[in-house]
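Please dock the two separately framed chains into a single complex, following the hints provided.
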Amino acid sequence: MDVVSNLLLGLSVAVSVQNLWWCLVGCFLGTAIGVLPGLGPAATIAMLLPATIGLPPLSALIMLAGIFYGAQYGGSTTAILVNLPGEMSSVVTAIDGHQMARQGKAGRALAIAAMASFFAGSVCTLLIAMFAPPLAAVALQFGPAEYFSLMVLGLVASIVLANGSILHALGMIVLGLLLGLIGTDVNSGAQRYTFGLPELADGIGFVIVAMGMFGVGEIIANLETGNRGHKTVMGISRLLPTGDDLRRMIAPTLRGTALGSALGILPGGGATLASFSAYALEKKVSRNRHEFGNGAVEGVAAPESANNAGAQMSFIPMLTLGIPANPVMALMIGAMIVQGIQPGPSVITEQPTLFWGLIASMWVGNLMLLVLNLPLIGFWVKLISVPYKYLYPMILAFCAIGVYSLSNTTFDVFLMVLFGGLGYVFKKLDCEPAPMLLGYILGPMMEEYLRRTLLIAKGDPQVLITRPISATLLALAVILLGVVLLPSLRASREAAFKDG
Amino acid sequence: MKAISSPKDFWAGVIYVGTGLAALWWGSEYRMGSAGRMGPGYFPRALAVLLLCIGIIALVRAFVAKGSPIGMTAWKPLLIVLASCALFGLTLPRLGLGAALLVLCLGSAAASREFRFDPVAAMGLVGLIVFCAIVFVKGLGVPMPLLGSWLEPVLGDALPWLR
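Read top to bottom, the protein sequences are chains R and S. Take the first sequence: its letter number 278 is residue 278 in the numbering used here, and every next letter is one higher. Take the second sequence: its letter number 159 is residue 159 in the numbering used here, and every next letter is one higher.
Warning: the hint list may mix true and false statements.
Covered, in the sense of this in silico footprint (three residues per stretch, anywhere, with C-beta under 8 Å from a C-beta of chain R), are these stretches of chain S [what the hints assert, rightly or not]:
{"hint": "1", "segment": "5-15"}
{"hint": "2", "segment": "51-63"}
{"hint": "3", "segment": "71-81"}
{"hint": "4", "segment": "86-92"}
{"hint": "5", "segment": "112-118"}
{"hint": "6", "segment": "128-136"}
{"hint": "7", "segment": "147-158"}
Source of the hints: derived by calculation from the structure; they are not laboratory data. Where a beta carbon is used, it is the ideal one built from N, C-alpha and C, also for glycine.
Isolated chain S (complex conformation) (with noise of 0.2 Å):
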């Protein structure tokens, strides 16, 4: 078997390959319909084939061209930017924005390499806070739980304006 030599497009080709063959596969109840009436099916079936095709030249052209290396995974800030994005979202409803935006501030900035304790950082932080507090959930009216369902009950009696 001759060896990948061009492999940004072998993965771009297996994305595609994939992505076309999952859509075929979840759309495959899809009433088709016909041309002249085409139904839910009927224009995703086309794409995922058209999707297949253009996967399927990418592959063979992964076998035949040359292409660049694709290069070291930055899997520390990927991982960590991702994830502090996601404890974000699972923290609002329950903690409220305060600490939720507490674990996605201190979190993704751990990924940098620069990362360390610093006061003018901390106070900008809680600025931050103080001001995402005011400006979006005061003034603009989202509705982001300042406290969260399991400050709520602790907190919401001593800190009645952060209701």
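Bound-form chain R, shown alone (with noise of 0.2 Å):
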């Protein structure tokens, strides 16, 4: 069978010494450094980037992708250890991963996040194999106007998941577009936004934004509060599962694998709004939907299978199209073009070894980040015994570190303090950052395929509602927005988060 033979090729080169010894140095590095509160999977890869331009290509991606899965594992130990998530497909882990780990669970809370993102990722390596070549057919036919339409559904789920009021998500949305619009129009070159100032020519990093508002933000609202975040953490009375969060983890995490899956796949979704929603899904379908908020088993379960499964199916787009589904992706996209290879559809059939060996490594990556942190779980969980007074001038300080790194400009420094300070008001208004960090993401990427989709059209929007794929994607979007705001539906999600 075609598969099983690429995937043989596959892990004949992935599992060379060499490879498999690079893999382990990023997942490693990965980890250690995406476990620092503040550090997500991003400003992880951003870090250590140079440090694989010396690599063979092979082995560079791979190490890129050890790092990518390391960090994104270390970013789910910070949240529910610290409740600060490194990047936002953490972001709901930490809701009731760390209720566990105040409840004396962390152990147990970290063995089920790893136990779930392994079968995640084991599963979507498999999917990816089967699926990716034909998949980049049928994403091939996605035209602009069947993107955008998925961008304002993904936008609008989103909202759905927003805790609080639905004007101020809605809001936080149309904020996140506009600040996402800063820089060079990749259309006609225009200064946007900018005020002169070329260190803006680029846009503004959408990790200085997330550790703005996320970290930064974050602390100064703990400090408001008084240290709340030490007293309340309790001993760690046992690193694995009961039996009973075996069993309940068991149907979150197969829902939260396919959900990840199916969204990782889209452009902009990924590893972020795979988590999201399977979050909102347990939340919905779970027998156990009472304790949500409260240090729930599938509240950790479903999330972490999700964002593993997005974070890996993300390599879809990117390996067969080209198109980054995140700011990770765009770095991976960095690093190949420093390799000399072009991504996109070609890859597929110029550089079979390249990519299947890199798929194949997806799976050893997993197996070595379960091999590497289960033993090492009370390692990390160390950190969190360490009083919020000391660790907070230390987030701080791999906080401007890390945003000084992006790009080695103090410039960036000062707007994280900029971003943080927002970050503090929005938290004081209760209006959420996530959604407005989603369209961040988006707002250019919109931008660009709504241009393209009325320049086909020649300026009829009606496109967006005559090809079936894009009205069936922006019927649901409609329907997602009527069902939230419906009164009855409404003040059952108000309860949902009240509970939450």
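See below:
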């Protein structure tokens, strides 16, 4: 069979001593840096990218993939232990994971996260191997209208997921979309909202916005309420999940993996949308939904499996179309170009060893993470015993250095200060930063796709509803929005978040 | 005039309307183009108008709906944390990583209610600076100056390994 022979080809290169070594180094470094609060996968990859340039292309990509998985898992660890998600995709893990940690179940939460991630990673490796080539063909039929509608659906979904007022979720999305437009307009080359500052010509890095709003803003809010961080953390009773935990995580992990794989292929969705949607889904269907927000096992297993599945599936648009689904994939594309590889449909046929080697190494990397992290969990758990008053200056230091290292300019540090202040203000006003960040990533892409859609249709917006796939996606978005706006459902949604 | 009954809605509305107007104002020179040929001003303007509408709804709601009060603003942590991060940015190129981290950590630590001198914390701070210098600058090659442009001429000859 094709899939088997392709995977064997991939494995034969991925398990060479050299590539295994770089995969291990990547996983370890990725986790070690990703576990530092405030440093998500994008920042970690950006920081470690220069270190891989000297390697052969496949080793470099394998190491970067390892760093990515490691950072992803490290980010979840931090989300669970200190409630400081390094990036969007672990935001929802923090909700229940951190509650579990507060109840002294940190070890169990981490083990559940690791196992759910590994399961999702294994399934997705197989899925990618089977479906990447045919999916590339399907995705190629997506025109700009479909992409645009897809992103609208993604944004509407994030409104449903936002905790609190729907109006403010909408407002934050539009604010994010607008902020995303800062920089050079790709089409005309016009400088928009740059105020003549060359530092703004490429826009504001997503990591800066995320670190400011989630890192710095969060720290200020924590200091306001007094140092609640360290006193409520109980001792770690056990590291391995109980039988009950395992039983409870099976269905959410399966659902999370399915949802994550489905959403992960879509540009703009990836790990973030996947984890948010999986959490929302569990909250609706789980038998234990009353426990959500108070340390539900499902609330960790579902988003963790979904974000790993989504993260892995986001390689598909990157590898087959050369489209970054998220900032991390944008960095991967950058790394490929540095290595002299032009990402796109031709990679599968022209560089099969590279393509299949990378896919096989995904599974190897996931296995390595499980092997590496379960024994090291004790080490990560120790981090939480550091009192918050010692921890937060350190977090700030790593945030500042991390932001600086993105493009080696102090200008970015000042931007982080700005977004830190904004993050605190929005927190005070009950405006969720998550929808804003989603809008922020999608802003430039949506503009581009809308522009192309209307260009092809000669300015007639009806094309969005006359093309069947696009119409379906938009209809889903409208239904979703209608559902949250219905008074009766609205009341239950508010009740759900109040429980949470 | 009716009193504001939902201050959170009010201030969020102010932010939306303010941003929307600012986006329209600064974007007023961007070419609009037509729907078929969107110029650089088309999408920003559409978003700005949308944000303006959302802001107006929020403002209306602020006077109609009942909302919870905003609560006290934590000015001290807000200003201290932001200022120490900004100081990091200012000192890094001039006095180098060590001094910048010192300023950032000591400065931000002062925002805590439990701040006092503590030998363990002081050692931890020194450890952090050494760790960051070794891992980020030497290990990962982040081009951060260890001495900075002001200290370099003074200490550069005496401590050449810090260059």
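Hint check results:
no., hint, in the structure
1, 5-15, "holds (count 5)"
2, 51-63, "holds (count 6)"
3, 71-81, "holds (count 7)"
4, 86-92, "holds (count 5)"
5, 112-118, "holds (count 4)"
6, 128-136, "holds (count 3)"
7, 147-158, "violated (count 0)"
In this structure, the one hint that does not hold is number 7.
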